[in-house]
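Work the whole structure out from these sequences, hints included.
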Amino acid sequence: ARRVAGAQVHPLNQLARERMLRHLVCRSPQLVGAKNLQAAQPPIARTNLKDVVPCCAVGEAETGEKIVVVFSVGVDPDVVSYGADARGQLNSSAELIFVMPTRDIVPAVERVAQMLRRPARFIGLDAIA
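For the sequence shown, our numbering gives the first residue as 352, with consecutive numbering after it.
Treat each hint with caution, since some may be false.
Each pair of labels, with its calculated beta carbon distance range [unchecked claim]:
| hint | residue 1 | residue 2 | range |
| --- | --- | --- | --- |
| 1 | Gln392 | Asp429 | 12 to 22 Å |
| 2 | Arg378 | Met466 | 26 to 36 Å |
| 3 | Asp429 | Arg469 | 16 to 26 Å |
| 4 | Ser443 | Lys401 | 29 to 39 Å |
Derived pair list, reagent style SDA-like, types lysine to any residue, alpha-carbon separation capped at 25 Å [stated by the list, open to error]:
| hint | residue 1 | residue 2 |
| --- | --- | --- |
| 5 | Lys417 | Leu382 |
| 6 | Lys401 | Tyr433 |
| 7 | Lys401 | Ala478 |
| 8 | Lys386 | Lys401 |
| 9 | Lys417 | Lys401 |
No lab work stands behind these hints: they were computed from the structure. Quick reminder that beta carbons are idealized off the backbone N, C-alpha and C, glycines included.
This is the structure:
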């Protein structure tokens, strides 16, 4: 069995949706303005499949700048601190980008991301919405 974007909702295809989003973007990095992306170790290890936990990738933007990309699904007020930790662990000088379904990007979380020493940006991607 294969998992595909746009499939009918089923409890099993709702597990680890942020990882499905990362998989799709790593296969097509131009979706987020990147030349290449590879999955990377998170700052916090995942303890199970049922809970939503952001995941990371590292790569190079089309401009040549190094990037750390954090993928999340659902409104998560802690995603910015998770992303800051990920950037600190993976490449502290890289640009930090959050990728999530457009509906999950909320102004309050965007404001928190702008308060980082080096502000982060969000990209709405509805590939798995």
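A quick look at each hint next to the structure:
no., hint, in the structure
1, Gln392 <-> Asp429: 12 to 22 Å, "holds (18 Å)"
2, Arg378 <-> Met466: 26 to 36 Å, "holds (33 Å)"
3, Asp429 <-> Arg469: 16 to 26 Å, "holds (19 Å)"
4, Ser443 <-> Lys401: 29 to 39 Å, "holds (32 Å)"
5, Lys417 <-> Leu382, "holds (16 Å)"
6, Lys401 <-> Tyr433, "holds (18 Å)"
7, Lys401 <-> Ala478, "holds (21 Å)"
8, Lys386 <-> Lys401, "violated (32 Å)"
9, Lys417 <-> Lys401, "violated (31 Å)"
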